[in-house]
Each structure stands twice: as structure tokens, then as C-alpha cells.
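Chemist: In the working numbering, the protein residues as written are 1154 to 1353.
Hints were generated in silico from the structure; no laboratory data involved. Take every hint as true, because none was put in to throw you off.
Below 20 Å or equal to it, Euclidean Cα-Cα: the simulated DMTMM-like pairs (lysine to aspartate or glutamate) are:
#  : residue 1 : residue 2
1  : Lys1290   : Glu1320
2  : Lys1351   : Asp1300
3  : Lys1332   : Glu1320
4  : Lys1290   : Glu1220
5  : Lys1192   : Glu1167
6  : Lys1296   : Glu1242
7  : Lys1189   : Glu1270
8  : Lys1284   : Glu1272
9  : Lys1208   : Asp1265
10 : Lys1284   : Glu1232
11 : Lys1334   : Asp1265
12 : Lys1208   : Asp1168
13 : Lys1290   : Glu1308
14 : Lys1208   : Glu1167
15 : Lys1340   : Glu1320
16 : Lys1340   : Glu1253
17 : Lys1332   : Glu1175
18 : Lys1192   : Glu1175
19 : Lys1351   : Asp1307
20 : Lys1296   : Glu1232
21 : Lys1284   : Glu1242
22 : Lys1235   : Glu1308
23 : Lys1166   : Glu1178
24 : Lys1334   : Glu1320
25 : Lys1332   : Asp1265
26 : Lys1296   : Asp1307
27 : Lys1332   : Glu1253
28 : Lys1231   : Glu1242
29 : Lys1334   : Glu1242
30 : Lys1284   : Glu1213
31 : Lys1208   : Glu1272
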Amino acid sequence: MVTKTLKKKINRKEDILRALAEMLEGKPGQRITTAKLAKQVGVSEAALYRHFPSKARMFEGLIDFIESTIFTQINIIKEQQKQTFTRIEHILYFLLGFAEQNPGISRLLTGDALQGENERLQARIEHIFLKLESQIKQILREKPMLDGTKLQMDETVLANLLLAYVEGRMSQFVRSQFKQKPTQNFKVQWLFFYNQLKQS
1154 MVTKTLKKKI
1164 NRKEDILRAL
1174 AEMLEGKPGQ
1184 RITTAKLAKQ
1194 VGVSEAALYR
1204 HFPSKARMFE
1214 GLIDFIESTI
1224 FTQINIIKEQ
1234 QKQTFTRIEH
1244 ILYFLLGFAE
1254 QNPGISRLLT
1264 GDALQGENER
1274 LQARIEHIFL
1284 KLESQIKQIL
1294 REKPMLDGTK
1304 LQMDETVLAN
1314 LLLAYVEGRM
1324 SQFVRSQFKQ
1334 KPTQNFKVQW
1344 LFFYNQLKQS
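Working from the sequences, and respecting the hints, build out all of it.
Modeler: Below, the structure is given as C-alpha cells:
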């Protein structure tokens, strides 16, 4: 009986987070209220607050999912790919594809959905991007150990540039109301980056 109650509670929390993600796929810039979210889930606002003490906690639940998904996949890429630039290519493509497949989540990553929300949420997103930049920088720093050659360009500057490209594509996606796909032209753009990286 206790197990069934626990499963039901977990499922309801998942339902709320799924509904929130779906609502975020609406028109960029649109603010989500707990009343609208409760209606989407098919429960009362009071029921929402039984699972999450605040709307900020609901957003944090989605941000937890984002963070876990991103860094789990990056670890898989690092395990499977041993060449520096191949690792970077796969990570960039994954990040763009993740945003493309989850338009609502891309609104969180760009901060569009967090306008007027708790500042703590913006800080969480900033933390994710700082960790991402750190991961890319570390991969670039490991290049001499993997193939014996060192980049001429500072790894910190390069990691920042590559991540800025990803953030820019995500922002275009949101700004175009999800019409301009982040992965569009990636192969051509990556080839340009790759040729520059080989020379640096």
C-alpha cells in the first residue's frame, strides 16, 4: 500500500514536470502560471503545491533533468570517443539536438522562460553553462595526452567560443518560434570550426 502511494506520488510529479515542459513549448515569451499548469495536468492548484512547494521548485525539477541528461551524455561521449575534436563535435551536436528535440527546455536554457521568475533559477542555468564550458576546456587541455599535439589558442578562450556558438543557435531557435532548427547546417559549420582548430 505504501509502495503504491509512493509510485502514484512520483508519477504525479513526473506528470506535472512533463506538462510544464509541454507548456514551455508554447509561444516563446509566454509566462506560465500555476493556474494554467494545474488545468493542463487536470488537477487543482492545491494539488500542484502538494507535490511542489512553489513554481520555482517545479522549474528546478526540470533543470535537474536537464543537468542530469546533459552531463550523463557527455560522459558517454568521452568514454566512447577518444579523439579530441571528435569529442567536441559530438558534444556540440548533442547539445543542439537536445534543444531541438525539447523546444520547451531550450526556452529554459536560453532564459526566455525564466523572465520574472526566481533569480535562483537563472543561477542554476548559469551554473550548467559554466560546467559545460569547463568540460569543453578540459577536453581541449587533454589533447596533448591523446595525440601529442597542443593547441596554439588558449583553451579557455576556445571553449568559450564553442559554447557561445551553441548558445547562439539555441537563441535563434527560440527567437524564431522554433522554426530555425539548431542542427541545421551543423556539418558545414563544424567543418569550418574543425579546419580552424587544426590550424590553431
